[in-house]
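Number of protein chains: 2
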Amino acid sequence: MGIGKHLAKGSPKPQLPDDGVLRFYTMRFCPFAHRVHLVLDAKKIPYHSIFINLHEKPEWLTEYSPLGKVPALQLVTAEGKPALIESLIIAEYLDELYPEPKLFPADPLKKAQDKILIERFNPVIAAMYKIFVNTEVSPGAITDISTGLDVFEKELRSRGSAFFGGDKPGMLDYMIWPWCERSEMIKYLLNNKYEMDKERFEKLLNWRDLMIEDEAVKCFYLDGETHAKFMKSRREGTPNYDMLVNPTKRQRTC
Amino acid sequence: MGIGKHLAKGSPKPQLPDDGVLRFYTMRFCPFAHRVHLVLDAKKIPYHSIFINLHEKPEWLTEYSPLGKVPALQLVTAEGKPALIESLIIAEYLDELYPEPKLFPADPLKKAQDKILIERFNPVIAAMYKIFVNTEVSPGAITDISTGLDVFEKELRSRGSAFFGGDKPGMLDYMIWPWCERSEMIKYLLNNKYEMDKERFEKLLNWRDLMIEDEAVKCFYLDGETHAKFMKSRREGTPNYDMLVNPTKRQRTC
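One line per chain: the protein sequences are A and B, in this order.
Every letter in the first sequence is one number past the one before it in my numbering, and letter 137, counting from 1, is 137.
Every letter in the second sequence is one number past the one before it in my numbering, and letter 220, counting from 1, is 220.
Honestly, the hints are just simulated from the structure, not real lab data.
Keep in mind that this is a model prediction, so the values were computed, not measured.
Be aware that one or more of the hints could be misleading.
One copy or any two copies: either way a pair holds, since identical chains are not told apart in the list.
[What the hints assert, rightly or not] Below, a list of computed lysine-lysine pairs in the DSBU-like style, where the Cα atoms sit at most 30 Å apart:
# : residue 1 : residue 2
1 : K154      : K13
2 : K43       : K110
3 : K81       : K110
4 : K57       : K198
5 : K5        : K198
6 : K43       : K102
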C-alpha cells in the first residue's frame, strides 16, 4: 500500500475509480486507524486509502465521518454507500463480513473475554498518551503503563500461546498492537530513559518480536524513531503528516 | 425481580443456590447495569441479582469484576465460572447466546450502524452527568443534551418506525434507555426548569411514551422523582442505595 498526501482544508474530494473497492479515510500516524489497517491487511481486503490532515480537515470529511474523525470506512457497494466509524466497530464488522482468517474467537464467551481485554488496554493507551503528547513527563505514567501491561503479560502466560489469538495473531493482538508499536518511541521522547523490564514482561517482549514479523503488521510498520519524529512535530503544533510521502527505508509497503 | 440490600465492605459473599442461574452483580440506580437488566428481562433470561454498594465495595467484588465495577455477569455454568464486565460487551454476548428475541439487527452493516449510534449517545450521557452530579448547573449541558438528541430524533424520523429496532425495541433502544428514563429527573434537580421541546423531539417523545409500556422497561422502571431522590443522596456523599429495599409504589417488579 502506497502512502498519499494527507488531504486538508480546501483539498478537493479525491477522484477514485468506481471499482467497488472499500474507501478508507485514515491518517498515517493514527493508532485507531492503524487498527483497521491491520484488520484489512490481515484479511487481504483491497482498499483505497484516503489520508486526512486532522489538523486542517477537508470540508467534505463529515460526509463520511460525522464527527470528523478517522478511521472511517466507506462501503461503496452497499446501498447509499454508507461509511462506518469507530475502530472496534469497523474491525468487528470486517471480521463478520470477511471471515478469512477469522480474527475474533468463534466462541461467544471467548470473544467477549477478548473484547474485555481490549477495553482493559485503555488505561495503557491513556498513560502512553501522557508521555506522547506532553513535553513534561507525567511522573506516574510509566508506572501506569507497566501496571496496565501486567494484565496482558499474565494473560499471555495463562494462555500459553505465542499470540493472544493462539499460534497466529487474532483480533486482540491487532487491537492493542498500534500502541505497542508506538511504545518504542518512548525512549526517543524520554532520551533513552525507558526500557521494558525483561523479566516482568518476558512473554510480551517475545510477543512483540513475533508481531513485528507478522505480514499484516509489516504492511504498516514504522520504527520508534519515525513515530517519535512525527510526535515531536505534533507536539510543536505543526504535525508533519506527509513526512513519509516520499517513502524512506523506514516506510515498508505491501 | 425483587430488590435486595446492597452488599458493602464487610458483607459476606451471598450464598446462592447451585442452580446454574446467571449471577448478576448490579446496583439499583446504575444506568450501565440497567442496560444489562433490560437485555436479560427482554429475553426473559433468569438471573440472580446481587446488589453492590459502590461507595463501600465488598472485598470479594474484584473476584468477579477486576476493576470493582458493575455490571458484572457471572456465567456459573461455563468452565471456571467466569464473569463478564462492560455493559455493551455483556449485552452483545447475551444477544448471541440467547437469540430470542434477537435485539441487534441480523445484518452486520445494520448492526454496526446501531453500534455507532450507541457510541454517538455518549455525549448525551456526558452532558446529563454534568447535571446529575453537579449542584451548580453547567450552562452548556442542556444545549449539549439537545444537540446530542437531535441525532436520534433525526434517525427515528429517517427509520419511520416507532422504535429504533422497528415495531419493537431492539438493542439500540435498550442501550440508550437508561439515560432517557433518567432524563426525567432533570426537572426535579433543576426545579422544573427543563422540558424537552415537543416539536423538536416529537418522535423521541412518542418513543419514550412507548418505551415506558415495554415489558422489559417496566421490569426495572423508576420515575424521575425517585431517580432524583437517589441522585440527591449521592450528591450529598451518602448514596442511599437501599431506599427501595422495602418496595414502594414506585418500585415495579417482574
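Hint check results:
1. K154 - K13: between (47 Å within a copy, 26 Å between copies)
2. K43 - K110: both (21 Å within a copy, 22 Å between copies)
3. K81 - K110: For K81 and K110, the Cα distance is within 30 Å only across copies (13 Å; inside one copy 33 Å).
4. K57 - K198: neither (42 Å within a copy, 35 Å between copies)
5. K5 - K198: For K5 and K198, neither the intra-copy (39 Å) nor the inter-copy (47 Å) Cα distance is at most 30 Å.
6. K43 - K102: The answer is both: 8 Å in one copy and 28 Å across copies each meet 30 Å.
Consistency with the previously given hints fails for numbers 4 and 5, ordered from lowest to highest.
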